Amino acid sequence: MTDDDRREGDGERRHPETPGTPGFRREADQDRIRAAIRKEIKADRPPDLPPTMEYRAHASNKIIELEHVYLGFERPILEDVSFQALSGETIVVAGESGTGKSTILKLLLRLLTPDRGEVYIDGDEITSLSFTDALRVRQKMGMVFQGAALFDSLTVYENIAYPLREHTTLGEDEIEARVREKLQFVDLDPDRVMDQPPSDLSGGMRKRVGIARGMANNAKIMLYDEPTSGLDPLTTGTITHLIIKLQRELGVTSIVVTHDIRSAFRMASRIAVLHDRKICFFGTPEEMSGSDDKYLRDFLGGF
Amino acid sequence: MTPPAAVNRSPDLHLLERFNDAAKRKIQSLQEFFVLAAKAIGFAFSRPFYRSDLIQQMDSIGVQSLPIVLLTGFFTGMVLALQSSVQLKTFGATMYIGRLVAASMIRELGPVLAGLMVAGRVGSGIAAQIGSMRVTEQIDALNTLGTDPIRKLVTPRVLAALIMLPTLTVINDFAGILGGNVIAMAYVGIPTSLYWRTVWEQIAGGGFIFKYIPNDFVHGLVKPFVFGGIISLVGCNFGLKTTGGTEGVGVATTRTVVTASILILVVDYFITQLLLAFLPT
Chain P
1 MTDDDRREGD GERRHPETPG TPGFRREADQ DRIRAAIRKE IKADRPPDLP PTMEYRAHAS
61 NKIIELEHVY LGFERPILED VSFQALSGET IVVAGESGTG KSTILKLLLR LLTPDRGEVY
121 IDGDEITSLS FTDALRVRQK MGMVFQGAAL FDSLTVYENI AYPLREHTTL GEDEIEARVR
181 EKLQFVDLDP DRVMDQPPSD LSGGMRKRVG IARGMANNAK IMLYDEPTSG LDPLTTGTIT
241 HLIIKLQREL GVTSIVVTHD IRSAFRMASR IAVLHDRKIC FFGTPEEMSG SDDKYLRDFL
301 GGF
Chain L
1 MTPPAAVNRS PDLHLLERFN DAAKRKIQSL QEFFVLAAKA IGFAFSRPFY RSDLIQQMDS
61 IGVQSLPIVL LTGFFTGMVL ALQSSVQLKT FGATMYIGRL VAASMIRELG PVLAGLMVAG
121 RVGSGIAAQI GSMRVTEQID ALNTLGTDPI RKLVTPRVLA ALIMLPTLTV INDFAGILGG
181 NVIAMAYVGI PTSLYWRTVW EQIAGGGFIF KYIPNDFVHG LVKPFVFGGI ISLVGCNFGL
241 KTTGGTEGVG VATTRTVVTA SILILVVDYF ITQLLLAFLP T
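As you go down the protein sequences, you meet chains P and L in turn.
Residue numbers for the first sequence follow this note's numbering, beginning at 1 and rising by one.
Residue numbers for the second sequence follow this note's numbering, beginning at 1 and rising by one.
One or more of the hints may lead you astray.
Listing some non-contacts, in silico: residues in chain P with all C-beta distances to chain L over 12 Å [claimed, not checked]: (1) 84; (2) 117; (3) 124; (4) 225; (5) 259; (6) 278; (7) 283; (8) 301.
Sample of chain P residues facing chain L (criterion: CB under 7 Å; computed from the structure) [as the list claims (entries may be wrong)]: (9) 109; (10) 135; (11) 151; (12) 163; (13) 166.
None of these hints come from the bench; they were simulated from the model.
Fair warning: this is a prediction, and the values are worked out from it, not measured in the lab.
Ideal placement from N, C-alpha and C gives every residue a C-beta, glycine not left out.
Construct the entire structure; sequences and hints are all you get.
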């Protein structure tokens, strides 16, 4: 690549708000970054986790499907977005801020309906469901919100017990057993946190309680909205491991929306990158780190 | 953000279009308000019904509003008695203080003052609470966990307000008449027995419906019932529509108090007009 080429490339960069950001200086830098990413994938992947490609071969049924979804409000947000998640997979939806990543989760939960296109959850087309039927489908899914969205007026115990009280006829003993089990799963001491209000917990603990609430109903599908945003590197690591643990031990299918590429590489079976309202890449982390696409390289450059 | 296509159009058309859009938005938000009201009341008659939330709301809307309602009622009654004693003295009719206090408290001041006080205390609280639940995604979380937020949050608040506002008003009326009693006795020198007799004369003089229910009581209870609906629904409506983070919560709170207070005063006039037509004295 000559200097002129690079300057031209800089001119059409997709970040008009940061025109001064330097692009990649040399090919050698690129290779070094790619090597680092590969190393990271290998190092961080728990040793007994099956390699992603092999894992894909095992999973067969599509549990989540987006088919040519279009959505817009004042301006278009998603255009012709399609991807599938196989049962037991962890799909990471990555992309810059404000590209409609979280909107995809709202579509899956049917908090929003697409202007065009279909959304399938576990074989059911959900865009045409009535409000009551949508409530029923949502029980198959556990959602972990960006700020955890725990109910302020309830204790940690009541927060996790909430979906059980709403949708099951479990007795109080069974509910308590379930709450303790879920708290232990997310590495929290039940006796210490159960009676606290969520406002007394740290950000990482709130997130873990959020995960415990999301999985309280033994959901088959877990949705995470920016699970590691605003957390310190150590807590980011534990939350990432927790998401991996959920997939490995419970076989949960996960959709993770994040722009934290580092943890994305650690947990993803496949990564979907959203850019300019479309999915510009959908494949394994290995395929992504090996890609020659200019945007992907820029995107990974932040890593 | 201005649509780029608008640049080429004539300014008049542009203005007209903007006016049209604004009007459409207003009508749409009005429609959303009535849909919310219909749903909130409809959910009161179907399962699941959140009884514990209703009781909790009755406590926070009703019981906890008691001190301010008692205080405003008592002082309003006192100042009514004081002012009317000055006026009535010129006609030598100070013995009618009880009538005046009762008439104004039961028909107008009791319901309106209780309404305004509760709009300030409870309406703002509802908007702030639901608004912050909205901006911290707790409303979305309710939806996700399979609960209709209207059923869980709005219905208990509306029902609690419909029940508690008339109750508070009765207490407010009573505190006011008692306040008038204190002033009539201490400053004007009217015996308590005479004061209460004139209070009853006023109530009886207003006429009865179904033979035993004084018209004054109907006036005094229909109004707070409607006000309760207004306060809770306006608070929930602005709370649920909150956008723009913590600042949005402040905006929702302010709008709730302003809108609810104005609606109370305007609707009060029309209810009075209607009731006077249907319940002639």
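Hints, one by one, checked against the model:
1. With a minimum CB-CB distance of about 22 Å to chain L, residue 84 of chain P clears the 12 Å threshold, and the non-interface call stands.
2. The beta carbon of residue 117 of chain P is kept farther than 12 Å from every beta carbon of chain L, the shortest such distance being approximately 21 Å.
3. Distance to chain L confirms residue 124 of chain P as a non-interface residue, since its nearest Cβ pair spans about 15 Å, more than 12 Å.
4. Not every CB of chain L lies more than 12 Å from the CB of residue 225 of chain P, the least distance being 8 Å, so the non-interface label is violated.
5. No Cβ of chain L approaches the Cβ of residue 259 of chain P within 12 Å, the least distance being about 18 Å, so the stated non-interface status holds.
6. The Cβ of residue 278 of chain P lies farther than 12 Å from every Cβ of chain L, with a closest approach of about 21 Å, so its non-interface assignment holds.
7. No Cβ of chain L comes within 12 Å of the Cβ of residue 283 of chain P; the nearest lies about 29 Å off, and the non-interface call holds.
8. Interface exclusion of residue 301 of chain P from chain L stands, the closest Cβ pair being 30 Å apart, more than 12 Å.
9. Residue-level restraint check for residue 109 of chain P holds (minimum Cβ-Cβ distance to chain L is 6 Å; threshold 7 Å).
10. Interface hint at residue 135 of chain P: satisfied, since its Cβ lies 5 Å from the closest Cβ of chain L, which is below the 7 Å cut-off.
11. About 6 Å separates the beta-carbon of residue 151 of chain P from the nearest beta-carbon of chain L, less than 7 Å, and the hint is met.
12. Taken as an interface hint, residue 163 of chain P checks out: its beta carbon lies about 5 Å from the nearest beta carbon of chain L, inside 7 Å.
13. Annotation: residue 166 of chain P was flagged as interfacial toward chain L, and the flag holds, the nearest CB pair being 6 Å apart, inside 7 Å.
This entry does not satisfy hint 4, going by the numbered hints stated previously; all others are met.
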